[in-house]
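A.B. asks: Sequence:
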Amino acid sequence: MVIGIDVGGTNTDAAIVGEEIVTIKVPNEEGIGGILKKLLEYSDLKKEKVIVSTSLPLNLILSKFNKSKTLTLLIPGPGLNYANLGKIVQGFVNHRGDITENIDEKEIRDVFKEKADNVAIASKFSVRNAEIEYKVLEIAKDYFDEKVIALSHHIGMLSFPLRANTTVVNAKLSKTVYELTDLIKSYAGDFFYYKGDGGIIPYQMALKNPSELYNSSPAAVAVGAYYLTKEKNALVLDMGGTTTDFVILENGMPKIIEGVEIMGKKTLIRCVDSFSIPFGGDSVVEEGKLKPYREDRAVAFGGSKFTLTDALNCIEFEIGNAKASREVGKELFEDLRDAEEVVNNYIFLVSEAIKSVDAERIIGTGYLAKLLTPIIAKKANVSFIIPEHSEAVNAVGVAVSKISLTLYARFDTEIGRVTFNGLIEESPFKQGSLPEDDEFIDAAIKRVKDIALSYGAPKDEVKDVRVIYFNAYTVVRGGIKRGKIADVIVQIQPGISSAVY
Numbered sequence: 032m033v034i035g036i037d038v039g040g041t042n043t044d045a046a047i048v049g050e051e052i053v054t055i056k057v058p059n060e061e062g063i064g065g066i067l068k069k070l071l072e073y074s075d076l077k078k079e080k081v082i083v084s085t086s087l088p089l090n091l092i093l094s095k096f097n098k099s100k101t102l103t104l105l106i107p108g109p110g111l112n113y114a115n116l117g118k119i120v121q122g123f124v125n126h127r128g129d130i131t132e133n134i135d136e137k138e139i140r141d142v143f144k145e146k147a148d149n150v151a152i153a154s155k156f157s158v159r160n161a162e163i164e165y166k167v168l169e170i171a172k173d174y175f176d177e178k179v180i181a182l183s184h185h186i187g188m189l190s191f192p193l194r195a196n197t198t199v200v201n202a203k204l205s206k207t208v209y210e211l212t213d214l215i216k217s218y219a220g221d222f223f224y225y226k227g228d229g230g231i232i233p234y235q236m237a238l239k240n241p242s243e244l245y246n247s248s249p250a251a252v253a254v255g256a257y258y259l260t261k262e263k264n265a266l267v268l269d270m271g272g273t274t275t276d277f278v279i280l281e282n283g284m285p286k287i288i289e290g291v292e293i294m295g296k297k298t299l300i301r302c303v304d305s306f307s308i309p310f311g312g313d314s315v316v317e318e319g320k321l322k323p324y325r326e327d328r329a330v331a332f333g334g335s336k337f338t339l340t341d342a343l344n345c346i347e348f349e350i351g352n353a354k355a356s357r358e359v360g361k362e363l364f365e366d367l368r369d370a371e372e373v374v375n376n377y378i379f380l381v382s383e384a385i386k387s388v389d390a391e392r393i394i395g396t397g398y399l400a401k402l403l404t405p406i407i408a409k410k411a412n413v414s415f416i417i418p419e420h421s422e423a424v425n426a427v428g429v430a431v432s433k434i435s436l437t438l439y440a441r442f443d444t445e446i447g448r449v450t451f452n453g454l455i456e457e458s459p460f461k462q463g464s465l466p467e468d469d470e471f472i473d474a475a476i477k478r479v480k481d482i483a484l485s486y487g488a489p490k491d492e493v494k495d496v497r498v499i500y501f502n503a504y505t506v507v508r509g510g511i512k513r514g515k516i517a518d519v520i521v522q523i524q525p526g527i528s529s530a531v532y
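My numbering applies: residue 32 is where the sequence shown begins, and numbers increase by one.
To be clear, the hints were calculated from the coordinates, so they are not data collected in a lab.
Hints may contain errors.
Calculated lysine-lysine pairs in the PhoX-like style (CA-CA distance at most 20 angstroms, straight line) [claimed, not checked]:
hint, residue 1, residue 2
1, K216, K98
2, K477, K461
3, K216, K100
4, K354, K386
5, K297, K320
6, K216, K178
7, K144, K95
8, K100, K206
9, K178, K98
Derived CB-CB ranges, DEER-like [unchecked claim]:
hint, residue 1, residue 2, range
10, K118, I511, 41 to 49 angstroms
11, E281, I308, 19 to 27 angstroms
12, F306, D481, 33 to 41 angstroms
13, D173, E318, 35 to 43 angstroms
14, D173, Y73, 40 to 48 angstroms
Glycine residues also receive a C-beta, built at the ideal position from the N, C-alpha and C atoms.
Can you make the complete structure from the sequences, with help from the hints?
C.D. replies: Next up, the structure:
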């Protein structure tokens, strides 16, 4: 049995996937604690595999990004001036991962006297040796809670400006993700988080690099839609309470984009390529018009605001307490049938979004999918599928996904050093040896598989490893080959877990 949870903008969904699929939905007013308590009625969560997707990172970025002050401390060494990105301090790790200039502790302590909500620490070549970042971390802990401090080497890519920007995002998200993790662990013990690219990672990794969770809900919807329909290429349409999201499925997985911009700054975040319109089932209707925001639940579900859902009830749909919707509708419309204009406006907006990407087939998901997908498809002139469990496809997608880890490896046989994601480990190669390219790649693949297996991944789920980047060259000094240097980035590819096939 696997349990998938997706915390959306309006509701929290859960799917229990075993021999059958059971889904649960609770309003976000009950919080994730509410869904966890309900799940305890079905199983002991500490004994089951639990995976959580959350929109909290996305919501936090959209609503509070500039409200929290980040102290960004940069250790770039000589070269370009990065003062526009943060405070520059002494220290340098060179391109080979050697510390050629140590930090000045007094200088760093002076910087940390500045008041801030969170801290981002980025050393230029820390992905090849993170020692300096850890030294700064130890000083930072005298001034800040470790839960609000982010280190750049966990991101695992070289581009220093983009890595610094991403570290700022991580610093702003860190406390929220720590608090959420503590809450989930009180019910579930060890668990996994869902990433924005459709894979899962142990919660310990998410705490170090929380930006990986960005935009995870659309990824979950896409994976769930594929799992339930086996339709490899389509546009997935997710009609939620606050927004309607669109995700392109290509070969059974969501289309991925790299280098996501956050508040105008490019980052190293990779996630599902999705887009949204700010209208959903809880969008408010005022003066006969559909508004692009949510204020409360629909009247049909005990809320105080007349919404798109209530407008549907006024034209003879039956959602929740339809009678309550119609009573309020009589006060807003001279004729209840006038509510059809509100519904038609929503259908038009969605169909135009579908046309904008030249989709030929849509998969309808969300709690309005069964009612509106056929109408929308006709308006957009596309074919459609409505999967079973359409109201909780997102949670199903979370539950059925497998582990996906990325590893940055740096091999330097001249000095006998290997670094995996910034941490120096024992080298699998003899100092001065000249391994073949395939040997470097195989060593990186073995390490990423070993890490995944250590977190409980089944062996058959770590077979599909992609080499994202490879570069190697021979070090020659005095006409003699002294060793080789190789950079390798590998990823266990996201996909459907073998446990649920």
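A.B. asks: Tell me the numbers of any earlier hints that the structure contravenes, in ascending order.
C.D. replies: Checked against the structure, the hints that fail are numbers 1, 3, 4, 5, 7 and 13, while the rest are satisfied.
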